[in-house]
Amino acid sequence: MRIIGPDELIFGVDNIQACRDFLKDYGLIETAPDCFEALDRTAIILRETGDASLPPPLPTATRLRETVWGVEDQATLEAISGELSRDREVRTEASGRLSTVDDAGFRIAFQVTRRIKLDLAAERINSPGASPGRAANEIGANEDAEARPRTLSHIVYFVPDMDRMANFYIQRLGFVITDKFTNTGPFLRPQANDDHHVLFMIQTPDYMQGLEHLAFHMQGPTELMLAGSRMVKKGYQSFWGPGRHKFGSNWFWYFNSPMGTHVEYDADMDKHDGDWVMRETPMSKEAAQMFLFENVAKWAPGGPPPGKG
Amino acid sequence: MIVVCRLDDVPDGGAIGALPNARGRDTLVLLRRGDQVLGYVNNCPHYDRAPLGWRKDEFLNGDGTRIMCAAHGALFRIEDGVCEVGPCLGQALTAVALTIRDGHVCLADGSALLS
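Quick mapping for you: the protein sequence lines, in order, are chains A and B. Taking the numbering used here, the leading residue of the first sequence gets 1, the next gets one more, and so forth. Taking the numbering used here, the leading residue of the second sequence gets 310, the next gets one more, and so forth.
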């Protein structure tokens with residue numbers, strides 16, 4: 001299954017203007033009404049809560065209504081349709097997009113990807129012993145540099161049964177586990193993407209099911225810190241970061257958002273192929289962050305309801 | 310007696326953050342309904358370091374009838390802070406006792422933020 005990664009995330013919200021302001025300030029570009037794109041055209045779509053075009057909401061607090069996965073070609077869509085039609089309804093929309101539901105009840109869709117191929121420079125650094133990354137007199141700390149999210153990197157779900165959920169993506173859609181937090185959930189990579197993860201999940205009580213966070217890749221750590229600093233200056237609420245994760249190695253900076261989910265900037269994630277051997281460790285703050293400029297005791301909820309552990 | 314702000318600083322029907330800590334993070338959420346001001350600790354009960362808002366003084370859902378946690382979308386009743394839907398279902402925001410004195414919002418004796 002040649003699935004690339006999340007192409008679009010569709011939200012149903014009751015505070016759409018606040019969400020528009022947030023996504024623009026975050027750095028996405030509104031290319032059509034309430035369609036906010038990264039540089040490669042992956043997108044966040046906003047709709048009013050009661051919009052008739054939206055799939056039904058989950059009974060929880062999440063405002064995520066649909067996750068649209070991008071695939072390489074029509075043949076992949078047909079393979080997905082054939083596989084998932086065996087035990088659930090798969091609807092083909094007029095656009096050719098497939099719409100169905102996963103084993104946790106999240107609405108999911110598949111389309112030939114909307115991504116365009118990017119041809120952009122990486123962050124350039126100077127390092128003793130290596131050829132200079134920047135020419136003489138070229139400045140690294142440019143406060144006026146543009147900082148645009150390049151592509152929708154990954155999503156993280158709260159799920160009531162991580163094994164059932166992971167097995168759906170592994171056995172039915174060909175994802176592979178790159179690393180795993182024991183009793184929390186696996187990091188998953190689809191076949192047509194070498195990023196460490198495009199999907200991660202955290203096991204929670206069923207009333208928490210929803211989107212924990214979404215993340216876009218930035219050029220590099222400097223651009224990530226520039227973009228995050230601009231958000232802080234505009235009064236947005238930082239949640240965790242900036243720092244660097246261990247699994248995936250990506251730099252991170254998480255913010256609260258009016259869509260009722262954390263929204264992350266990430267940069268410089270590891271890439272893997274079939275030779276990689278999965279690592280596993282219990283989740284803890286030491287396991288989740290290699291370093292952090294603002295320390296936190298705990299970075300995600302989980303486990304049984306209060307008083308029942 | 311700690312004076313938090315002027316009553317007029319809190320918009321009627323709205324909410325503001327107050328009492329920033331050393332990092333500049335507001336520790337208190339104030340909500341005003343007429344002459345009544347309610348206060349809650351600015352932390353979602355589903356874990357121990359989760360500020361509620363998404364932007365300075367932005368704490369409410371779209372129609373202003375609930376406090377919304379901008380981490381995962383939990384909704385809380387304004388009158389008692391009880392979570393109606395979300396990761397902290399059945400829990401409640403920590404209320405902060407306030408008094409109004411001479412047009413100012415003050416922390417009451419024994420307030421949660423004084424302990």
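Hints were generated in silico from the structure; no laboratory data involved. Beta carbons are placed, not taken as given, at the ideal position from N, Cα and C, and that holds for glycine. Among the hints, a few may not be true.
Taking lysine-lysine and the DSSO-like style, the derived pairs with C-alpha atoms no more than 27 Å apart in a straight line are [stated by the list, open to error]:
hint : chain 1 : residue 1 : chain 2 : residue 2
1    : A       : Lys246    : A       : Lys180
2    : A       : Lys285    : A       : Lys246
3    : B       : Lys365    : A       : Lys246
4    : A       : Lys117    : A       : Lys24
5    : B       : Lys365    : A       : Lys234
6    : A       : Lys117    : A       : Lys271
7    : A       : Lys285    : A       : Lys271
8    : A       : Lys24     : A       : Lys233
9    : A       : Lys233    : B       : Lys365
Partial chain A-side listing against chain B, Cβ under 8 Å, derived [to be verified]:
hint : residue
10   : Asp51
11   : Ala52
12   : Arg63
13   : Ser257
14   : Gly260
15   : His272
16   : Trp276
The calculated label-pair distances, taken between Cβ atoms and stated as ranges, are [unchecked claim]:
hint : chain 1 : residue 1 : chain 2 : residue 2 : range
17   : B       : Thr336    : A       : Ala121    : 41 to 47 Å
18   : B       : Thr408    : A       : Gln17     : 34 to 40 Å
19   : B       : Glu393    : A       : Ala94     : 33 to 39 Å
20   : A       : Lys234    : B       : Ala404    : 28 to 34 Å
21   : B       : Thr403    : A       : Gln17     : 27 to 33 Å
22   : B       : Thr408    : A       : Ala121    : 57 to 63 Å
23   : A       : Trp276    : B       : Pro329    : 41 to 47 Å
These are the hints, each one checked on the structure:
1. Lys246(A) x Lys180(A): 12 Å, holds
2. Lys285(A) x Lys246(A): With a Cα-Cα distance of about 10 Å, the restraint between Lys285(A) and Lys246(A) holds, given a limit of 27 Å.
3. Lys365(B) x Lys246(A): Given that 27 Å is the threshold and the Cα spacing comes to 31 Å, the pair is violated.
4. Lys117(A) x Lys24(A): 22 Å, holds
5. Lys365(B) x Lys234(A): The hint holds at about 9 Å.
6. Lys117(A) x Lys271(A): 17 Å, holds
7. Lys285(A) x Lys271(A): Holds. Lys285(A) to Lys271(A) sits at ~23 Å (cutoff 27 Å).
8. Lys24(A) x Lys233(A): At roughly 15 Å apart (the allowed maximum being 27 Å), Lys233(A) and Lys24(A) satisfy the hint.
9. Lys233(A) x Lys365(B): Given pair Lys233(A), Lys365(B) holds - Cα atoms ~10 Å apart, limit 27 Å.
10. Asp51: With a minimum Cβ separation of about 13 Å from chain B (threshold 8 Å), the hint on Asp51(A) is violated.
11. Ala52: Hint on Ala52(A): violated, closest Cβ of chain B at ~18 Å, above 8 Å.
12. Arg63: Given a least distance of 6 Å, the restraint on Arg63(A) holds.
13. Ser257: Holds - the Cβ of Ser257(A) comes within 8 Å of chain B, reaching about 5 Å at its closest.
14. Gly260: For Gly260(A), the interface hint holds, since the closest Cβ of chain B sits about 3 Å away, which is under 8 Å.
15. His272: Where the cut-off is 8 Å and the nearest Cβ of chain B is about 29 Å from His272(A), the hint is violated.
16. Trp276: 31 Å, violated
17. Thr336(B) x Ala121(A): 41 to 47 Å: Since the Cβ atoms of Thr336(B) and Ala121(A) sit about 42 Å apart, the hinted range of 41 to 47 Å holds.
18. Thr408(B) x Gln17(A): 34 to 40 Å: 35 Å, holds
19. Glu393(B) x Ala94(A): 33 to 39 Å: 38 Å, holds
20. Lys234(A) x Ala404(B): 28 to 34 Å: Hint holds: Cβ distance 30 Å, inside 28 to 34 Å.
21. Thr403(B) x Gln17(A): 27 to 33 Å: Between Thr403(B) and Gln17(A), where Cβ atoms are some 30 Å apart, the hint holds.
22. Thr408(B) x Ala121(A): 57 to 63 Å: At roughly 59 Å between Cβ atoms, Ala121(A) and Thr408(B) fall inside 57 to 63 Å, so the hint holds.
23. Trp276(A) x Pro329(B): 41 to 47 Å: Given range 41 to 47 Å: holds, Cβ gap about 45 Å.
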